[in-house]
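Just so you know, the protein sequences line up as chains A, B, C, D and E, in that order.
Going letter by letter, the first sequence gives residues 57 to 389 in my numbering.
Going letter by letter, the second sequence gives residues 62 to 360 in my numbering.
Going letter by letter, the third sequence gives residues 625 to 1105 in my numbering.
Going letter by letter, the fourth sequence gives residues 47 to 374 in my numbering.
Going letter by letter, the fifth sequence gives residues 925 to 1229 in my numbering.
Because the hints were derived from the structure by calculation, they are not lab data.
Do not rely on the hints blindly, as some may be mistaken.
[Claimed, not checked] No farther apart than 27 Å at their CA atoms in a straight line, the calculated lysine-lysine pairs in the DSSO-like style are these:
id, chain 1, residue 1, chain 2, residue 2
1, C, Lys804, E, Lys1007
2, A, Lys85, E, Lys931
3, C, Lys1105, C, Lys804
4, C, Lys912, B, Lys319
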Amino acid sequence: MSGKNKREAVLELTGITKTYQVKQGMFSKPQPLKALGGVSLRLYKKDVLGLVGESGCGKSTLAKILLGLENPTTGEVLVDGRQIGPADRQLLARRIQPIFQDPYSSLNPRKSIEEIVSLPLVVHKIGDSVSRQKAVTKMLDLVGLPERSRRGYPGQLSGGQRQRVAIARALVINPEIVICDEPTSALDVSIQSQILNLLADLREELGLTYLFISHNLAVVEHLATRVAVMYLGRIVEEAPAGELFAGPRHPYTKALLESVLTPDPSLSVPDIHLGAQYPNPISPPTGCHFHPRCAAARDVCSTTPPPHLQSATSQVDCHLFRKGADGRSLVPA
Amino acid sequence: MANAPALTAETIVAISPGAMLRRRIFGHYGLLFGLSVLALVVAAAVFAPLLADHNPYTQDLFARMKPPFWMAGWDPDHLLGTDQLGRDYLARLLYGARISLLIGIVTALISGMIGTALGVAAGYFGGKVDLVVTFLINVRLAMPVVLVALAIVALFGGSLQIVILVLGFLLWDRFAVVMRSSVMQIRGLEYVNAARAIGCSTTRIVLSEIMPNVVNNLIVVMTLEMAHAILLEAALSFLGLGVQPPTPSWGLMISEGKEMMLFQPWLITIPGVALFLLVLAINLLGDGLRDVTAPEAKG
Amino acid sequence: ANKSDDTLHTAFSKELESVDFYFQSAREGTIFARQVWDGLVYRDQTTGDYVGNLASSWKWVDETTLEFKLREGVKFHNGEEFDADDVVFTVNYVVNPDNHVTVPGNVNWMKGAEKVDKYTVRITTNGPFPAALEYLSGLVAIYPNDYYAEVGPSGMALKPVGTGPYRVESVEPGKHFVLKKFDGYYGGPKGQPSIGTIDIRTIPDINTQLAELFSGGIDMIWNVPADQAEQLAAMDQFTVANESTMRIGYITMDAAGRGGEGPFAKKEVRQAIGYAIDRQAIVENLLKGSSKVVNSACFPSQFGCEQDVETYSYDPAKAKALLAEAGYPDGLTVDFYAYRNRPYAEAMMAYLADVGIKANLNYLKYSALRDMQKKGSAGFGFLTWGSNSINDVSAITSQFFKFGDQDFARDEEVKTWLDTGDKSVDDKVRKENYSKALKKIAEEAYWIPLFSYNSNYVFSKDVAFTPTPDEIVRFFDMSWK
Amino acid sequence: MSETILNVEGLTVDIPLGSGTLHAVRGIDFALKRGETLCIVGESGSGKSLTSLAVMGLLGKRIQVGAAKLEFEGRDLRSLTPRQMQALRGDRMAMIFQEPMTSLNPAYTIGDQLCEALQLHRRVSKAEAMAQAADLLGKVGITAAESRLQQYPHQLSGGLRQRVMIAMALMCEPDLIIADEPTTALDVTIQAQILRLLADLKREMNLALILVTHDLGVVARIADKVAVMYAGEIVESGTAKAIFDAPSHPYTRGLLDCIPVPGKTKPGEPLGSIPGIVPSLVGDVAGCAFRSRCALANDACSETIPKRTASGEHMYRCVHETLISEVA
Amino acid sequence: MLAFALKRLGLAVLVTFTVSVISFSLLHLSGDPAAAIAGENATAADIAAINRQFGFDRPLTVQYTDWLWKALHGDFGESYYFKMPVADLISDRLSITMLLGVCSISFALLTAVPLGVAAAVRPNSLIDRTALFLSVAGQAMPSFWFGLIMIVVFSIKFRLLPPSGSETWRHFIMPTVVLGYYAMPAIMRLTRAGMLEVLNADYIRTARAKGAGAGRVLFKHALRNAIVPVVSLSAVQMGFMLGGSIVVEAIFALHGAGYLAWESISRHDLPTVQALILIFSCFYILFTLLSDLANAWLDPRIRVG
Ligand SMILES: Nc1ncnc2c1ncn2[C@@H]1O[C@H](COP(=O)(O)OP(=O)(O)OP(=O)(O)O)[C@@H](O)[C@H]1O
Ligand SMILES: Nc1ncnc2c1ncn2[C@@H]1O[C@H](COP(=O)(O)OP(=O)(O)OP(=O)(O)O)[C@@H](O)[C@H]1O
Ligand SMILES: [Mg+2]
Ligand SMILES: [Mg+2]
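Build the full structure now, drawing on both the sequences and the hints.
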């Protein structure tokens, strides 16, 4: 897809699938679990792509593939239009860095903060020990940690401080893209806001591109420029943040938006018209994966996979829509 | 801001991990006991020539089985008496500490190396490697240790080296099992993923990200296997297929003294108690180390 | 379990592979066999004379033929009648190599047996065999032909049948044997047994045996080590009897260089070892009892055991001098093999160390040691030999100086003398030749004979028993006090 | 409707630690009537769970619970024997926990565990209990209840398990349900459903509900009354409307500023934040625990903090009187 | 389920096969067993004859395949020493060892599990410390020494128990205790650790919140889950015990399979040793299989996918 404002896609995924073999009981045979069922995404420079979806829908799997921690079963990852193979790990690492969800397990407890933050420099043989020390100092300052903490150990830090260390480690080699896999969901709101502010500032300052994974739509709305909604291993809708929040198309996106609980005492708990059961990814529903929970489902939904519809700025996979007459907009079917 | 002191102790906790560990060690009596007994035994082993005024190998057929100092008729020249060949029991006990420690340490090192290599490989790489290692562990576990050890020693003739080698090659299973599971556990943690995402090589990840975090388990297993090896050597000696005389191994001393145990019980009591105390100390040390380094003890 | 129920409880320390006498090789098997079977002749332990057992008389027909008149009216435990057929069958069965008896050497001096009439048999030997009566008295038990033909060795091992003073009540292989007085026993030189039941269990560990003894579970044990026996004697709770045995200990040395040229090829080194070890001290302090230092390569009571040989008394200075002479002024390091009595071996090693010989002990199972010797290694070691309780010197010299796998001397001259002695039926010729051989063995120090063994028998005060030097416990000689 | 079911005054929870005593809950008061929902909200570690466990009498022997008043349906819980307390638990007061994944015993079927809750308190046959269980499963929105009863917890998804937990709490038709972060581990869509279910059930059965959470969104939507906890104290309490419309304690205000609200906070604008972290509560604690993070802190904050009334039932603890306008 | 069972069985067969190959080659490296068969007083000629008779002059691989083929048909050959079929010999001895093993593991479980539970219920209490001390001391106690001391005390001092033999149940008391004591510490610790973990689990809190009493919580809810790893451990320990009963059987003159194995090693009775190693490993594998089944019964997560 080439938008009219020709922006460069720094990262592009085409038809990524990932299948795991999982055993359920001890006595059962391993069965294929399609964690990702053909994901195509583009990440534009300086964008923040929010990725939302229910637990287990494949968000982290996607992040791992982007980070080179897993190899996709099929599909390609392109960086600057160039395909990335397993051999390009080092290269990939210099450009894409992660921030993980759990600040407690994401730092090696046996290493000092300084060692943790300077590790990427050491691995990529950047600078000498003096310049590395300087870089660490700069990073710690940037993420708002006191200088004296460099000799401390992760065990001495609070969750928020740890997450800052993780951010410092991710940014010390000046990556272009940062994959944030639920960076704040383990934190208290008071800490969450600090980290979100920090991420926003850093993006401004360093011109970073984020893939921001979260299940908290409020957070995504706050930070993201584009949003992709994932359901059972597939992207069901993708659109610029404003457009998506203003007019969600896919029924699942709608349900997600409805379930956001704003702190407004005048409202009561919304009634979500959504089946309670998240489907078993080992035996996904036929047709549109979402149809058993969809209030607007039609007959076709249970038999035929939904069409992939693209407009100028957004895409949606749903039987309820069709391409508009101009070929660039989507209208209800 | 004018805050009461009770409330300012925050942000970065003052106590360093080292100090914390020290505090925990000094609060753990079992560990302290184990450590001090072990230190004593090590001292006995190292300074045996200074502490013993007899050669442990010099025999005197005319001064056989002299009783130790707490029994009537003891000889001031032989504090712990003499054995069946009139050798000074104290000297043998002191030199025997060297043998037991040697067996324990070297066996634990050999089996530790084998087991750790297998366990770490299985835990880190998983998949086929794991299958193979699990299979090896199963084969090893299915082999009756004492039997196989006996058979090999019977075959090659007993000597210190052979006993150590045999035990070293038989006792790696626990290392492999423990290392495998702890590496698997750590491997799933996000800092390992982070290191991989940074671009660290496998070697680096294993050596500097994973190993430091499982080394405490390794040390614990090491102490337990040391104790295990010392006991097994004693059992092999008891069955006549261990270290060869006149080496003053404690196990051998028990085995030699056992013939007279109904009449001269101290012949087995002295090395028996020494053995018991040493193994107890090592086990307590191992347990203690596990306790003080366990993550749940943190904070 | 004792006098009150007329049962003597005792223990074997070794698992018996089989109670079929011909298919085992242990001392315990011989003991068992003596109770259950009889031989043709019997050696009186006090006089040393051969008397008739199943045979009433015998004569040498020629150099290789012995004719026996058999006792009449003897019955086997199963009621089968004893006659010439049983002797013929037994002898021909065991000498047949196809039947693979465990120790062929015990019987393969016989060519076979033939029946002359119902109570007369002739046994022919493979060449002249002067020790024939000794072998017949100890190593040839007569089996019932009909029964043995039917059940074979495996049947015999489970339900043994003989003519002896005790019949076998039950056998749990290797574990437990119960013998009952055989009411139909004909008597003979063994006499009628007195104790009704003999209950034998296998208890390998001497401590456990002692524990059973203390707790009253067992009435008698033997082969009790000297130190324990001494203590038990002091306790005044049991009778401790000591008796010498025909087993002697010796040091073998690789004079022939079978394991490659070594220090023992030098006579001085061999002699030095003889002088280095204080055998008297070892006997006094470790073996004790009726053990004696032996100087000749045989047990003194054995026929032909020359005593007037070169002796090596304890003289470490001389040993050192000899070593220096041999080119080892600074001593030497050698491997030393042993398979039993580890403390004795250790004591010897310490003496050797005193004169500068560092001996590294290899303590092996007998089988492993024999294995090595067969291949020519393990030429320096402390071993023992019990001569199968055969009171003839050939029972030891044949094994060690006639180029067998345990012969590390390989002296042609010695072998020739021994062969002459073994083949002759003339006692004078035999004595002369054995003497020459033994003298040379001592002079060349091919062997250092060490000491004779003794055995300690410990039994409850209720039991009347006198041990014999052939290490055979005769339950039929025992009685309650 | 106006019958007070639970009345707590001066509740303290002290945990002896190696390095001193942790004053985890420091004298909190609240009361609850039938048909009311009280939300206890606060950061992680502020003592919410300890408070609810203390009411249930589920804290271990090592942990000391003190109270000036601890009354449930007029009975003084402090004077009850462990056995009486046990009879009350699960019968008159029930609890729902945060982790639906681990809160059900993996070794027994759903049916067994539901029945147990009833059979512990009522003399009923297994069949009757099963019928009741099936009935309740239907009520909490689980279809095919009969077959679900035969299943094991691991065969159910998180949302279903939490529904089972709710059904279990309802087995004896209790008067009070304490739900400790019942939706934190769940997806947003499921969260809304579960909360809705709880709200509906409460209304239907005229229960008193204590909902422990750290999510202000949840609080706003479901609470009748709110208690904001910070470092073991209730720093502000009142009706939901009062708290959200006129937050009076600096901490409450800080919290509300922190959360991005779709439509209200502008995307990209920096969010409000509370610097620093919660102080240690080990040893003697004096003054306002929030003062180390409070922009308005002054010397008076280390003195005794007065309890102020903003309006009606709306109370807060702060040295500053009605700061609302000044700070904003 | 069937596929799983078959796979599991295949793996078990592979393990036993490997063990048998290893043990066979190890044992046959020990050279010529003929001397051992011939006994202490045998001559060279005797030995040579035996060599031919048993086919020790054939290549090792041929000997192995021959052995394996027969073993698959239940024929483990004839004991060199006892001259009877190894299968008969072992079946006789094995019953004693099995009995001893079963008694010992029961003893260990019956003492260790309650102790472990008690220790976990009151961590750091007197009971906990005692149990911990017992287990540490137990691990440090050489079993041969323990056995000897038992004999001194119970057979000689007090004359309560017979020191050797296997005739009556009283004969099994001391061996059971000595062997069981060897397995106890590990089981005790695992029970304690498992219980401690389970008692902190959320579902235990749930059970208490339901109003379940202490006993019910402990035994119905906690133990059932904590016992799962203990079952696996017991299987492993039981396997070890069979192999490790040598010392105990030697001391108490129990003529079981362990003692037979030891004696057979020194007698170079290869068919017996081989068969025993194979049988011990089979038992080990059997026990682990059984424990898996038991665990599947205990833990539905394993049972139903
Ligand atoms: N290593 C693995 N082996 C087998 N299955 C896996 C593996 N990793 C993930 N899965 C499965 O793949 C699916 C997607 O998992 P993923 O972790 O990507 O979900 P997620 O969207 O990140 O969920 P959450 O919000 O809980 O983090 C899940 O069903 C998960 O169980
Ligand atoms: N058993 C215990 N031993 C020691 N400290 C404890 C124990 N239980 C709770 N605490 C401490 O008491 C404080 C309050 O704990 P509580 O569980 O009530 O917090 P919470 O508000 O429920 O937090 P969360 O939102 O994380 O559940 C915390 O600092 C916690 O570490
Ligand atoms: Mg995830
Ligand atoms: Mg909580």
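Enumerated hints in conflict with the structure, sorted upward: Hint check: nothing fails, all pass.
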